[in-house]
Amino acid sequence: MGRSRALINEFVFLFFSGIQLLQYRRYEWKCDSLNQPSFNAAKRLGFQFEGIFRRALVYKGRNRDTAWFSMLQEEWQAMKPKFQRWLSADNFDAEGKQLRALNEC
556 MGRSRALINE FVFLFFSGIQ LLQYRRYEWK CDSLNQPSFN AAKRLGFQFE
606 GIFRRALVYK GRNRDTAWFS MLQEEWQAMK PKFQRWLSAD NFDAEGKQLR
656 ALNEC
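Mapping of the sequence shown onto our numbering: position 1 corresponds to residue 556, and the numbering continues sequentially without gaps.
Please keep in mind that the hints were generated in silico from the structure rather than gathered at the bench. Treat each hint with caution, since some may be false.
[Claimed, not checked] With a straight-line cut-off of 30 Å between C-alpha atoms, the simulated DSS-like cross-links for lysine-lysine are: (1) LYS635 x LYS585; (2) LYS635 x LYS652; (3) LYS585 x LYS637.
Work out the full structure, taking the sequences as your base and the hints as a guide.
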């Protein structure tokens with residue numbers, strides 16, 4: 556997932572839809588354990604690392620280990636105000652660059 560504001564807004568909307576409207580109890584993030592950008596994004600967005608499913612599948616001829624992350628409904632409730640501050644217009648300069656990271660909000 557890239558770091559663009561539009562992608563993050565979409566992510567938060569999907570999150571809100573699942574957790575708030577559909578009453579999901581947990582939201583999962585899975586990625587190839589070698590995909591460091593995705594691994595870092597999950598942690599940066601507040602997901603809790605649950606572990607590695609070793610040899611979860613074969614992908615492009617190699618055994619792929621899958622990293623699992625989750626965020627529970629109550630964890631989302633705690634993160635929601637941070638996301639709102641992070642995505643608010645006053646967190647972006649005139650060129651659209653982010654002023655504060657999520658962990659600073």
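Here is what the structure says about each hint:
1. LYS635 x LYS585: Satisfied, since the Cα-Cα distance of roughly 21 Å is no more than 30 Å.
2. LYS635 x LYS652: 21 Å, holds
3. LYS585 x LYS637: 23 Å, holds
In summary, this structure violates none of the numbered hints.
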